[in-house]
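Novice: The residues making up each chain are set out below.
Protein chains: 2
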Amino acid sequence: MLNLLNQHRTVRKYTDKTISSELLNQLLEAACRTSNTGNMQAYSIVVTTDETIKKELAPAHFNQPMITQAPVVLTFCADFNRVTQWCEQRQAEPGYDNFQSFISSAIDALLAAQTFCVAAESAGLGICYLGTTTYNAQEIINTLKLPKLVVPITTITVGYPDGNPEQTDRLPLKSVIHYETYSEFSSEVIDELYTEKENSDFYKQFIAENKKETLAQVFTDIRYTRKNNEFFSDKFLLALKEQGFLK
Amino acid sequence: MLNLLNQHRTVRKYTDKTISSELLNQLLEAACRTSNTGNMQAYSIVVTTDETIKKELAPAHFNQPMITQAPVVLTFCADFNRVTQWCEQRQAEPGYDNFQSFISSAIDALLAAQTFCVAAESAGLGICYLGTTTYNAQEIINTLKLPKLVVPITTITVGYPDGNPEQTDRLPLKSVIHYETYSEFSSEVIDELYTEKENSDFYKQFIAENKKETLAQVFTDIRYTRKNNEFFSDKFLLALKEQGFLK
Chain A
1 MLNLLNQHRT
11 VRKYTDKTIS
21 SELLNQLLEA
31 ACRTSNTGNM
41 QAYSIVVTTD
51 ETIKKELAPA
61 HFNQPMITQA
71 PVVLTFCADF
81 NRVTQWCEQR
91 QAEPGYDNFQ
101 SFISSAIDAL
111 LAAQTFCVAA
121 ESAGLGICYL
131 GTTTYNAQEI
141 INTLKLPKLV
151 VPITTITVGY
161 PDGNPEQTDR
171 LPLKSVIHYE
181 TYSEFSSEVI
191 DELYTEKENS
201 DFYKQFIAEN
211 KKETLAQVFT
221 DIRYTRKNNE
231 FFSDKFLLAL
241 KEQGFLK
Chain B
1 MLNLLNQHRT
11 VRKYTDKTIS
21 SELLNQLLEA
31 ACRTSNTGNM
41 QAYSIVVTTD
51 ETIKKELAPA
61 HFNQPMITQA
71 PVVLTFCADF
81 NRVTQWCEQR
91 QAEPGYDNFQ
101 SFISSAIDAL
111 LAAQTFCVAA
121 ESAGLGICYL
131 GTTTYNAQEI
141 INTLKLPKLV
151 VPITTITVGY
161 PDGNPEQTDR
171 LPLKSVIHYE
181 TYSEFSSEVI
191 DELYTEKENS
201 DFYKQFIAEN
211 KKETLAQVFT
221 DIRYTRKNNE
231 FFSDKFLLAL
241 KEQGFLK
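Protein chains in written order, with my numbering: chain A, 1 to 247; chain B, 1 to 247.
With the rest of the complex left out, here is chain A (with noise of 0.2 Å):
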């Protein structure tokens, strides 16, 4: 098992095998044993697969090639609606329309991906999460129809592998391991967590692709810039807004 979940690698090329419907079940119902909040089960997950839908998610995410060329597009909500109808069928008064609903059910959708995608790769599929759900959740919402109290989180693109992409790096375990209270970085201590991964020929070619003086300035200035977060951010609050889980 742990040697399963250290072979992790994102997969974005896939063959045209199609995933069968009963493997497709039984992933999702292990997904769904995952741990949430007070079993509410307050979390959906819609499941494209048509061609025109796909096409229509294109956009949101930016036109990564894996939406339309992956067979299973899984699309991962924070979702009160269910719970919310039911509540109102069993003369009970529900009061989920508001931040604290929201992140406890986008939490249980998150936690629930993550089992998806561990059940995945052990049946040999591989996976791709894509983190433009909560740039463009208000153009997901309108494409998959969700109702209010229903906010995409998170994607995930399953098929079987076309290749063995290689595995990315990672830091050093204690740069994100902190004993029992949170240990501050010294700039000495900042240098050495990032001195493997500076020094990579692999980063060296990213920088200069980019046109860059250092592997920071490629995600301050290019991939993840200030004026993007801040227009994404007031997008998803919006969003959350329109959604009814802010006031």
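Some clues are possibly wrong.
Note: identical chains are not told apart, hence a pair may lie in one copy or across any two.
Simulated crosslink set (PhoX-like; lysine-lysine; CA at most 20 Å straight-line) [stated by the list, open to error]: (1) K148 to K241; (2) K235 to K247; (3) K247 to K227; (4) K212 to K145; (5) K204 to K148; (6) K227 to K17; (7) K212 to K227; (8) K174 to K145; (9) K212 to K247.
Source of the hints: derived by calculation from the structure; they are not laboratory data.
Position chain B against the provided structure of chain A, taking the given hints into account.
Specialist: For chain B alone, kept in the frame of chain A given last:
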């Protein structure tokens, strides 16, 4: 593997056996292989084993006994602190003090958390998620000394299981799965989805113990009330502001 995932149950009681640092490191390494946004690894995991600090954390988790009883408590955090410091040391201007950056780093922290749980269960450990983390984030921030741009998003207690708790029920798969686009539920379908749950002896007793008429009322009137949800929404939004993720 599917068998392991399908056997998942929440473990709230642990034996005295400690988790070796070798095993814990292996599980954390596997967790850190999980997909993450742009491979920035914008999350952190605070590992707490010290009795004094666990006792300090306990009130934030409403003194649920797992916190002090479990050998290891893991607090998973959205964390743009390290990335920001790295950028500042590399002539790059970071722009991660916003909501979208919080969301992407929270997603990454949660996906890593779930991989940790799967890995831990495969090694014979038991885990429990604590949803109280986002209720009392500010208190956890204080106890764990989390700097700006670090916000706790979930907590896991982990240890060797003392006993084998019952598995909790799940709604039929079709309660959470939608094909192609979202299908709204008719009231008849809602009734059908919840019938088995509502008619089980376990929940009939649960309703009676809570002195309510319907299961939904236990959720709306006792467990997840509007008043609490709104109170903790404001409190978490304030913590996001204090930590620099929200204007």
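Novice: Are the hints correct? Go through all of them and say.
Specialist: Now the hints, each set against the structure:
1. K148 to K241: within (10 Å within a copy, 26 Å between copies)
2. K235 to K247: both (15 Å within a copy, 14 Å between copies)
3. K247 to K227: Intra 25 Å, inter 15 Å, cutoff 20 Å: inter-copy only.
4. K212 to K145: Classified as neither: same-chain Cα gap 41 Å, cross-chain 35 Å, threshold 20 Å.
5. K204 to K148: neither (46 Å within a copy, 30 Å between copies)
6. K227 to K17: Close neither inside one copy (40 Å) nor across copies (50 Å); limit 20 Å.
7. K212 to K227: within (18 Å within a copy, 51 Å between copies)
8. K174 to K145: between (43 Å within a copy, 17 Å between copies)
9. K212 to K247: Answer is neither: 41 Å inside a copy and 30 Å across each miss the 20 Å cutoff.
When held up to the earlier numbered hints, the structure conflicts with 4, 5, 6 and 9 and fits the remainder.
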